[in-house]
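Colleague: If you read the protein sequences in the order shown, they are chains A and B. Residue numbers for the first sequence, in the numbering used here: 1 to 112. Residue numbers for the second sequence, in the numbering used here: 1001 to 1114.
Just so you know, these hints were derived from the structure itself, not from any lab. On a predicted model such as this, the values are computed, not experimentally measured, just so you know. Idealized CB from N, CA, C, for every residue including glycine. A few of these clues could be false.
Claimed, not checked - Here are a few chain B residues that sit away from chain A, every Cβ distance over 10 Å (derived from the structure): (1) D1026; (2) G1040; (3) V1062; (4) N1072; (5) D1087; (6) L1092; (7) E1102; (8) A1103; (9) F1104; (10) G1106; (11) V1114.
Claimed, not checked - Cβ-Cβ distance ranges computed for the label pairs, FRET-style: (12) B/K1065 - A/S82: 37 to 43 Å; (13) B/I1012 - A/A29: 25 to 31 Å; (14) A/K107 - B/R1015: 27 to 33 Å; (15) A/G93 - B/P1085: 19 to 25 Å; (16) B/D1064 - A/N27: 26 to 32 Å; (17) B/D1064 - A/K67: 23 to 29 Å; (18) A/P112 - B/G1060: 17 to 23 Å.
Spelled out from the first residue to the last, the chains are:
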Amino acid sequence: QKEVEQDPGPLSVPEGAIVSLNCTYSNSAFQYFMWYRQYSRKGPELLMYTYSSGNKEDGRFTAQVDKSSKYISLFIRDSQPSDSATYLCAAGGGAGSYQLTFGKGTKLSVIP
Amino acid sequence: SAVISQKPSRDICQRGTSLTIQCQVDSQVTMMFWYRQQPGQSLTLIATANQGSEATYESGFVIDKFPISRPNLTFSTLTVSNMSPEDSSIYLCSVDGRRNTEAFFGQGTRLTVV
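All chains, full assembly: derive it from the sequences and hints.
Modeller: Structure below.
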């Protein structure tokens, strides 16, 4: 079992829709969680960073972490064609542990 | 966040040859990381490169195949040696963020081995 599981999609939504992207993880030591956005032929770009359970909002993006169920989510409101990309979740351990474990990524297409 | 430049951005190489990928950061960083991103797979950490010491390799990756240099705090290279088609992948350079927990990436090197 991979430590971070992510449905690869692809996911296709109409413009303006609310998008929900999800990952599950198995390692209880993970303490911080990230979402990356990767456009085609580009490197991953850090989108959201969360350290604890709860919600974190940044513009149209909301990251949600539920440590009790080991579930992390990214919500995109009012999705735009420019949001079309692959979204990767990542998780990392406690202090002194710099290694990140990534999901496989979910490919999202927002159709105008 | 740091600005990370990788060269080349892509290459097509013959099997049996080697390719060296360069990573330049616009600020001094303690740790630099090299990842591999294969189609349909997670990003996989190859090794961690600290300045002035040998790189630390993850399970499944060895120095003879992926030698790494880290001559200073802003630069690193990864060499993919004796390439085979199975080495076709995207190779990514990464550095720590301010919190030392998140990673920032270069644009990647898309390698195709024929």
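Colleague: Work down the list of hints and note, for each, if the structure agrees.
Modeller: Checked hints:
Remark: the non-interface label on B/D1026 is consistent with the geometry, its nearest Cβ contact in chain A lying 15 Å away (cut-off 10 Å). The non-interface label for B/G1040 is inconsistent with chain A: the shortest C-beta to C-beta separation is roughly 7 Å, within 10 Å. Look at B/V1062: its CB is around 18 Å from the nearest CB on chain A, clear of 10 Å, so calling it non-interface holds up. Non-interface call for B/N1072 relative to chain A: holds, since the shortest CB-CB distance, roughly 20 Å, exceeds 10 Å.
Separation of B/D1087 from chain A is adequate, the least Cβ-Cβ distance of about 19 Å exceeding the 10 Å criterion. Consistency note on B/L1092: stated as away from chain A, yet its beta-carbon is not over 10 Å from all of that chain's, at 6 Å minimum. A beta-carbon of chain A comes within 10 Å of the beta-carbon of B/E1102; the shortest separation is about 5 Å. Chain A draws B/A1103 into its interface by the beta-carbon criterion, the shortest separation being 6 Å against a cut-off of 10 Å.
Not every beta carbon of chain A lies more than 10 Å from that of B/F1104, the smallest distance being close to 6 Å; the non-interface claim is violated. Chain A draws B/G1106 into its interface by the beta-carbon criterion, the shortest separation being 5 Å against a cut-off of 10 Å. Once the 10 Å rule is applied to beta carbons, B/V1114 is consistent with being away from chain A; the minimum gap is 19 Å. Taken as a hint, the range 37 to 43 Å holds for the pair B/K1065 and A/S82, whose Cβ atoms sit roughly 39 Å apart.
Separated by about 41 Å at the C-beta atoms, B/I1012 and A/A29 break the suggested range of 25 to 31 Å. At roughly 30 Å, the beta-carbon separation of A/K107 and B/R1015 lies within the given 27 to 33 Å, and the hint holds. Hint check: A/G93 to B/P1085, Cβ distance near 34 Å, so the stated range 19 to 25 Å is violated. For B/D1064 and A/N27, the Cβ-Cβ distance of about 30 Å falls inside the hinted range of 26 to 32 Å, so the restraint holds.
For the pair B/D1064 and A/K67, the supplied restraint of 23 to 29 Å is violated, since their beta-carbon distance comes to about 41 Å. In this structure the hint that A/P112 and B/G1060 lie 17 to 23 Å apart at CB is violated, the actual value being about 42 Å.
Hint check: violations occur at hints 2, 6, 7, 8, 9, 10, 13, 15, 17 and 18; the rest are consistent with the structure.
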